[in-house]
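2 protein chains.
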Amino acid sequence: MKDFPGTPGTKTGLILRILQCVFAAGSIASMASTSYFFKFTAFCYLIASLGLQITWSFVLAIIDGYALVRNKVLQSPILISLFVVGDWITATLTLAAASASSGIAILYFNDLEGCNFIGECQKYQLSVALAFLSWVTIATSSLIMVWLLASS
Amino acid sequence: MKDFPGTPGTKTGLILRILQCVFAAGSIASMASTSYFFKFTAFCYLIASLGLQITWSFVLAIIDGYALVRNKVLQSPILISLFVVGDWITATLTLAAASASSGIAILYFNDLEGCNFIGECQKYQLSVALAFLSWVTIATSSLIMVWLLASS
Numbered sequence: 001m002k003d004f005p006g007t008p009g010t011k012t013g014l015i016l017r018i019l020q021c022v023f024a025a026g027s028i029a030s031m032a033s034t035s036y037f038f039k040f041t042a043f044c045y046l047i048a049s050l051g052l053q054i055t056w057s058f059v060l061a062i063i064d065g066y067a068l069v070r071n072k073v074l075q076s077p078i079l080i081s082l083f084v085v086g087d088w089i090t091a092t093l094t095l096a097a098a099s100a101s102s103g104i105a106i107l108y109f110n111d112l113e114g115c116n117f118i119g120e121c122q123k124y125q126l127s128v129a130l131a132f133l134s135w136v137t138i139a140t141s142s143l144i145m146v147w148l149l150a151s152s
Numbered sequence: 001m002k003d004f005p006g007t008p009g010t011k012t013g014l015i016l017r018i019l020q021c022v023f024a025a026g027s028i029a030s031m032a033s034t035s036y037f038f039k040f041t042a043f044c045y046l047i048a049s050l051g052l053q054i055t056w057s058f059v060l061a062i063i064d065g066y067a068l069v070r071n072k073v074l075q076s077p078i079l080i081s082l083f084v085v086g087d088w089i090t091a092t093l094t095l096a097a098a099s100a101s102s103g104i105a106i107l108y109f110n111d112l113e114g115c116n117f118i119g120e121c122q123k124y125q126l127s128v129a130l131a132f133l134s135w136v137t138i139a140t141s142s143l144i145m146v147w148l149l150a151s152s
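Heads up: the sequence lines are chains A and B, in that order.
Okay, so the first sequence: first residue is 1 according to UniProt numbering, each after it adds one.
Okay, so the second sequence: first residue is 1 according to UniProt numbering, each after it adds one.
Next comes chain A alone, as it looks inside the complex (with noise of 0.2 Å):
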């Protein structure tokens, strides 16, 4: 296995990991407080998704924290599929959660000429926002994972 910034264990994968939590996190955060995101099954799908993204993204900082402090090598080829199958999933739930978000933020905002849910507009931007950033680093994590696995 090769060893580049990025890779589990290192504290670029770390960094990668922490920033997944912390814009996921403050994408829900931002989409919660308002008060009729319910009302949209995409913003609920972007909740659940990014919940999903979060727990995974918080798992493997555990994981990549552990092996910083205890010098160990978490490089095992059953390891790194493992990382590579989750990270594409909720990379993908990410994207397209993502995507219908903004689609229905850009449908408000745009194609209906104004957003009538007052003060809840800027939140939802925010929060589709927060989400692409999110999606930018787990993604960054999957192409790494991949191509250490194949690589290997």
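None of these hints come from the bench; they were simulated from the model.
For every residue, glycine included, the Cβ atom is placed at its ideal position computed from N, Cα and C.
Careful, some of the hints might be misleading.
Which stretches of chain B does chain A cover? Using the computed rule of at least three CB atoms under 8 Å from a CB of chain A, they are [to be verified]: (1) 74-84; (2) 102-108.
Chain A regions said to be covered by chain B (calculated; three or more residues, Cβ under 8 Å) [said to hold, decoys possible]: (3) 37-46; (4) 103-112.
What follows is a list of derived Cβ distance ranges for each label pair [as the list claims (entries may be wrong)]: (5) Y36/B <-> C44/A: 21 to 29 Å; (6) Y36/B <-> V136/A: 26 to 34 Å; (7) S152/A <-> S35/B: 52 to 60 Å.
Knowing the structure of chain A, use the given hints to seat chain B on it.
Just chain B now, kept in the frame of chain A:
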């Protein structure tokens, strides 16, 4: 380089490319045949994104067909790198477009209790379903390409 189903210049690879074109063309045709798609940013984005995917998949289908007929090997690292980048960009754009459109389709079908655009809603649904099928085939090609590049 390894030679497994789905790699460039194989029959499976060619079939995957043709399926990508067929599903994307079906999705565009279904969406473009509605009267009000241009009022929704997400539906316009779906057409643009799938248009790009048809172009990409069609060019690669021709290259695959040429390689099959002439018995050429299409596995130089530079060529595969180009295929990986193109496949990933189109796969991401297609998933984002399909998700954004499905967010709006679900909004009108479920959340707002019924679709008011008479006779058009089934077309929106069909278009979104075909876009997701197109994404499944391009995602398969993308994974094969990354695997091929990384294992070379």
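Going through the hints against the structure:
A stretch counts as covered by a chain when three or more of its residues have a beta carbon under 8 Å from one of that chain; for the region 74-84 of chain B and chain A the count is 0, and the coverage is violated. Counting residues of the region 102-108 of chain B whose C-beta lies closer than 8 Å to any C-beta of chain A gives 5; at least three are required, and the coverage claim holds. Residues of the region 37-46 of chain A with a Cβ under 8 Å from some Cβ of chain B number 4, which satisfies the need for three, so the listed coverage holds. With a cut-off of 8 Å between beta carbons, the region 103-112 of chain A has 6 residues touching chain B; three or more are needed, and the interface restraint holds.
Between Y36/B and C44/A the C-beta distance comes to about 26 Å, which sits within the given range of 21 to 29 Å. Checked against the given bound of 26 to 34 Å, the beta carbons of Y36/B and V136/A, roughly 33 Å apart, stay inside it. Checking the proposed 52 to 60 Å range against S152/A and S35/B shows it holds: the Cβ atoms sit about 53 Å from each other.
Going through the hint list in order, the structure does not satisfy hint 1, though it satisfies all others.
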